[in-house]
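Colleague: One letter stands for each residue in the lines below.
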Amino acid sequence: MVQNVGQNRVPRASIPLDPVFSWSVGNWMEQFFDGMKEGKIIASRCPACGRVYLPPRMICERCFVKADEWVELLDTGTVQSFTEAHVKAGKGGELEDLESPEIIAMVMHDGADTCLVARLEGGSAAVGMRVKAVLDPSAENVLDLLSCYRPAE
Amino acid sequence: MEYKNETVSIDGGWPLSTWQWKMESIALIQKSLEALKKKKLLGLKCPGCGLVYFLPKPYCRCLSIPDEWVEIKDTGTITTFTFSGAWAYEGIEEEGATGTPLIIVGIVLDGSDTMTVCTLEDVEPEKVSVGMRIKLKWPEELLGRLDDIAHCVPA
Amino acid sequence: MDKEVAIIAYAQTPYEADVESSREMQVLQVTRAALAAAGLKREELDTVITANNDYLDGRTISNMRLVEPSGAWQKNESKVEMDGAYAALYALTRILSGDHDIAMVIGESQASVYGGYVPGIMMLDPTFDRQRWLLNEVSAAALQARAYMNACGVSEEQLAGVAVKNLDNAAKNPLALRAMAGADVRKVLSSRLLYSPIRELMASPLCDGACAVVLASGKAAARAEKPVWIKGVGFSHDSYLTERSLAEMGSLRDAARRCYGMAGIEDPASQLDLAEVHECFAHEELMAYEALGLCAAGGGGDLLDSGATRIDGSLPVNASGGVLAANVACAAGLARIIEAAMQIRGEAGEHQVPGVKTALAHGQTGLCAQENIVYVLGGE
Amino acid sequence: MAKKEVAVVGVGLSKHVSKRRDVNIAEMVWEAVSACYEDAGLKPKDTDAFITGNMPAFEGVNLPEEWGAGHWGAYAKPLLRITTGGTTGGSVAHGGYYAVASGLYDIVMCIAFEKQSDGNSTMGLNTVALADAAAQFQLGVDPGFMAAFGGGAVGVAVYQASSYMKSSGCTTQHLDKVAALCRNNAALNPYSHLKQPGLTPEEVAKTTLLQYPIRFGHVCPATDGACAMLFTTGEKARKMMDKPAYVLSVSSCSDEAAMVGIAGSGTTNTDPCVQEGCKIAAARAYELAGIKEPRREIDLAEPYAPFAHQMLMFYERLLLCDEGDAPSILDSGSMGLDGELPVCPSGGVISTNAIGASAMERVAEAAMQIMGKCGERQVKKEVRKAVAHGWGGAVNFNVVAVLSDTPRR
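Residue numbers (this note's numbering), protein chains in the order written: chain H, 186 to 338; chain F, -9 to 145; chain S, 8 to 387; chain V, 41 to 449.
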């Protein structure tokens, strides 16, 4: 058996520096964000197999062709899976306790073949549950345009 | 669809400041720095292949663990070099370039096998070459820091 | 494959939460130990492949400082930025090409160095999911667990049952970090709730460690003691986690199909004597039973309940305690290969399963087990 | 399993520019992959395995293929990620060679890329050394002291250039000539980044001196771009086309890590211009390829040279002439597109540097020159054998591949 060699405490070193990045989203995600600014859910569709990507993808992974057909979807969908979060990841990647649990849901919009992940507010969750997207078209950060899901009537 | 040449950018980061690297070399180098106060150069010798590491290194390329502290000399040989700052050299006239540049050299001190870096003084830049012999220029007051061995002159 | 490439030696460090050693020194330790076990000198190595990750190490080009400690100085060295089980695959292709005979394969990382679940978060779609900060390795796994439980009628008690089995096995493995002899379901279900249904004891502990395997060509393995032959290997990539059904492990099924084809395995449940699977979370082991064909689709929970996968069952799974006992990113899958080889050689000590001739080892990389690789190993 | 012959049957490149803000990482890479499939007349369904790599610190994305590989045709296919810093692209190509040569995978798609505009290139490079810098801080080293010894913006290359020039007789005029030669070649390459038709050495000499001896004109740009290559067996390649490019051999050599200027732990790799690893890798690659006299047998070289002096230095380290002879060979004109041994016909890394892709683009150019697919920059002589090189790590990685118009025997 290999013995770990350390007898004494190994010196540690760190650096007060966080590299920053700025990812261009590309024209497909741009359509998605632009749509939500007008209160619409825009998805891309593969002309070959008809698979509908939400969020939109430029290439259909199944057919390797450009998913360049655009469809507007309803704001309703079905919960594919969910989790009740009792923790969240802190800046340093540790799991910190949440004051009150929140629900994170994976939702497939009606007419879509892929999922969006967002908070589910206003009730308990179940797989198969019908939900409705809540958009915030005036959000400053495009990542906040999709605010959450709520149970559909 | 209107194709945009500039799409939205999402800002994000890598919280690298929370990474905590572990390095045995820090403690080893500290020991060498401590010795500098007594004007001693301590290298770490590998029991497997005999290489002497200065500054010390916790592992050797031969897979042994260097563990014997040995004293090395303050004379050595230049293995690589560069010049900091713009100045006239080889007939190149650079606007605003005046004076002598800082000459930075990689050296291997006698009795060791590895490189350390310092500045070379008292020499014309054109005269510097790999293989040239040098001697450390110790400061009046020894601090036990890398600054103590930051300068050398031709031997 | 018939006696083309063999595992001729291996070494592992103990797995610890925060070891008093740099990664370089841990790698040096396993390299030396593996070479000694193989009876080889460093000079006899043809190639070295390490598995590590720039974001885990926190240094771009994470293999650049491993050249000396991995025995790769002035050798043909490369790095796979996935689990070490993939580094073994790369080494395997290098040997099969005929250009190399002996390869050192190393996997390592130190969770005490990197920022917990940040490297996993950095795998997410940067144009959307990443900065929304809802998904991470654990919350994504929770979504997968729920989707799987819902589709296959698996209960939280069955998830806990996986942890109970593995942590009990881990008590017999001196290298394991997390171990609980005589653990019970109640204890697991009362551990800290992270993301339902995932609780602390159903999630593998990220930790420090390194492991090494020496691979040799048939020719070079001829003089080795107790070579363990690679009979088959298969691997596969799956879609991004929001673009696939999380209720099954498609790429693991695909990887197993490719591997079994090469190894001549038609009925894995009867032909395999033991399996070591890379379960980062408890439910992944049950999903792996199904994807590996150890039971029918949807039968994962029942197989666990039958006791067949216990250390004294007909097909023990994770006799070592598995990854729930210690998860060193980039090493955990390679460690499964080592554990499987150890069982075939009869060197597993307290957690030895008698009469293991053919064993399966599984490795994975990515969120919700996106990338999977499967090996079938066999003795003489 | 018998060892298989390996051939390149397709090459694809994306547009290479400084900033691609119209696409995301996955979409940019698709351009190269799609072009490569088109070039080879193959489709993702024909592919047996994928190998990919980049230098992730530039994009800030860990394992970008987990999110992006659906755009590259890798759905439900075996996929392997190989990353080794500056040599990444070469390492990925080597992975492709081994995958096919092993007999396990017949058609292998290799993908390498960098989208530097998603991050900060200087910071990306710095992350190589931040841990060492952290150690220095701990030891009380002054940041100014560290910066002065670090080679400034140009880094280790200034040491390497000075050492090389002194030992070889290479002058700054030679550096200017290299830059002019490469940028003129790049002007003929539709996939290059910096195109400067008609650029003269005199003009290069007028660019800003960054740190002796390196001028702005001697340095590569930061590029967004991707490269893809399809490798298959010799047998399959011959059925697909008249003139595939065979990969005769690959070899790499990793030397002791060395970061000149950062006064960290000692390294025995004491002169960055020696590049013993390049010589070892090249010698092994030639041996495996059955090449006894590289100087006579190699028709074309694509050394990895983000800095002007490296084209000459690596020409020597690739054993294509005696040490110290490269500057005069440059003067003789034999390195040009119409020369006896053209060097960097693509325009080289000095003209285009999408870091993770760069070392693969050397292999790609060698293959395309052999296949006669280089259009305006196609070299005059017939290319039978070519050598492609990559360099990186902490001054310590070298990868070498030898390609030919006839298979290895």
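Warning: the hint list may mix true and false statements.
Said to hold, decoys possible - Listed below are the simulated DSSO-like cross-link pairs for lysine-lysine, each with C-alpha atoms no more than 30 Å apart in a straight line:
id: 1; chain 1: S; residue 1: K226; chain 2: V; residue 2: K43
id: 2; chain 1: F; residue 1: K(-6); chain 2: V; residue 2: K55
id: 3; chain 1: H; residue 1: K251; chain 2: V; residue 2: K43
Stated by the list, open to error - Chain V is faced by these chain F residues, among others (derived, beta-carbon under 10 Å):
id: 4; residue: E(-4)
id: 5; residue: M13
id: 6; residue: L34
id: 7; residue: T69
id: 8; residue: T70
id: 9; residue: P91
id: 10; residue: V98
id: 11; residue: V118
id: 12; residue: A140
id: 13; residue: V143
Hints are computed from structural coordinates only; laboratory data are not their basis. Built from N, CA and C at the ideal position, the CB exists for glycine as well.
Colleague: Are the hints correct? Go through all of them and say.
Modeller: Outcome of the hint check:
1. Simply put, S:K226 and V:K43 have alpha-carbon atoms about 15 Å apart, close enough for the 30 Å limit, and the pair holds.
2. Between the alpha carbons of F:K(-6) and V:K55 the distance comes to roughly 16 Å, so the proposed pair stays at or under 30 Å and holds.
3. Distance restraint check for H:K251 and V:K43: the Cα-Cα separation of roughly 38 Å exceeds the 30 Å cut-off, and the hinted pair is therefore not satisfied.
4. The interface hint given for F:E(-4) is met, as the beta carbon of that residue sits about 5 Å from the closest beta carbon of chain V, less than 10 Å.
5. With a cut of 10 Å, the hint placing F:M13 at the interface with chain V holds, because the nearest CB-to-CB distance is about 5 Å.
6. Given hint, F:L34 at the interface with chain V, holds; its Cβ is 8 Å from that chain's nearest Cβ, closer than 10 Å.
7. Interface restraint check: F:T69 against chain V, minimum CB-CB distance 4 Å, threshold 10 Å, status holds.
8. A distance limit of 10 Å between C-beta atoms decides the matter here; for F:T70 the minimum to chain V is near 4 Å, and the interface restraint holds.
9. For F:P91, the interface hint holds, since its Cβ comes within 10 Å of a Cβ in chain V; the closest pair sits about 7 Å apart.
10. With its C-beta approaching chain V no nearer than about 6 Å, F:V98 sits inside the 10 Å limit, and its interface hint holds.
11. At about 8 Å, the closest approach between the beta carbon of F:V118 and any beta carbon in chain V falls short of 10 Å, and the interface hint on this residue holds.
12. Taken as an interface hint, F:A140 checks out: its beta carbon lies about 7 Å from the nearest beta carbon of chain V, inside 10 Å.
13. Because the beta carbon of F:V143 sits about 17 Å from the nearest beta carbon in chain V, more than 10 Å, this interface hint is broken.
Hints 3, 13, counting from the list given before, are not met by this structure.
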